[in-house]
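Order-wise, the sequence lines are chains A and B. Numbered by the working numbering, the letters in the first sequence go through residues 1 to 111 in order. Numbered by the working numbering, the letters in the second sequence go through residues 1 to 115 in order.
Please note that the accuracy of each hint is not assured.
[Claimed, not checked] Within a straight-line C-alpha distance of at most 27 Å, the following computed DSS-like cross-link-like pairs (lysine-lysine) qualify:
{"no.": "1", "chain 1": "A", "residue 1": "Lys3", "chain 2": "A", "residue 2": "Lys57"}
{"no.": "2", "chain 1": "B", "residue 1": "Lys13", "chain 2": "A", "residue 2": "Lys40"}
{"no.": "3", "chain 1": "A", "residue 1": "Lys37", "chain 2": "B", "residue 2": "Lys57"}
{"no.": "4", "chain 1": "A", "residue 1": "Lys41", "chain 2": "B", "residue 2": "Lys57"}
{"no.": "5", "chain 1": "B", "residue 1": "Lys57", "chain 2": "A", "residue 2": "Lys3"}
{"no.": "6", "chain 1": "A", "residue 1": "Lys56", "chain 2": "A", "residue 2": "Lys37"}
{"no.": "7", "chain 1": "B", "residue 1": "Lys13", "chain 2": "A", "residue 2": "Lys41"}
These aren't lab readings, by the way, just hints derived from the structure by calculation.
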Amino acid sequence: EDKVVQSPLSLVVHEGDTVTLNCSYEVTNFRSLLWYKQEKKAPTFLFMLTSSGIEKKSGRLSSILDKKELFSILNITATQTGDSAVYLCAVAETSGSRLTFGEGTQLTVNP
Amino acid sequence: KAGVTQTPRYLIKTRGQQVTLSCSPISGHRSVSWYQQTPGQGLQFLFEYFSETQRNKGNFPGRFSGRQFSNSRSEMNVSTLELGDSALYLCASSLVDSTGTDTQYFGPGTRLTVL
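So that you can see chain A by itself, here it is in the shape it has in the complex:
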């Protein structure tokens, strides 16, 4: 059975800190790994990673994939209170658009 595991499940930091969120996976037919941010309602798309070792970057957020070790990390530098959310990692299989999600990491950034 396909499996996505995120760690830590919960994290509390102060504004300005740097955080690293982890995602490991076991998927039979891997195609891509996606990161989403979920605040109140719908998950909003952050990154899609398909190739190992290529960092994707957007502002203070960056992510990288290691297909040999089957994991990805999401880094957030100089955190702000607006970064408080649940960060979801999901893996897409080669057939169709099915996503298998991890449990999510609840990030709380205190002022």
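Position chain B relative to chain A; hints supplied.
Showing chain B alone in chain A's frame:
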């Protein structure tokens, strides 16, 4: 472009009733997937429709069904509602690009409460 829209946003039903939820994908997107999100189970895949055909199905009972119309709009139906069906139902649409990869964009969800 307008994002994924879902209606209704909130719904309260009683056990045994049935419910139909609607999803309109981003213009041009032909794939629509449905997910159930609960505090205990997280986000779980229900099914995916592409060009009016169910392409993939998750591990949910037959009470959960769906369909897709020629304009890519999708509906999901849950019959004989149970208390455990209370959840946020999310719809996501995607556009397969030239490399065969796609990104799923989520709608705001329908919050279903079963009493």
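Next on the checklist: I'd like to know which numbered hints this structure contradicts. Please list them from smallest to largest.
Outcome noted: none
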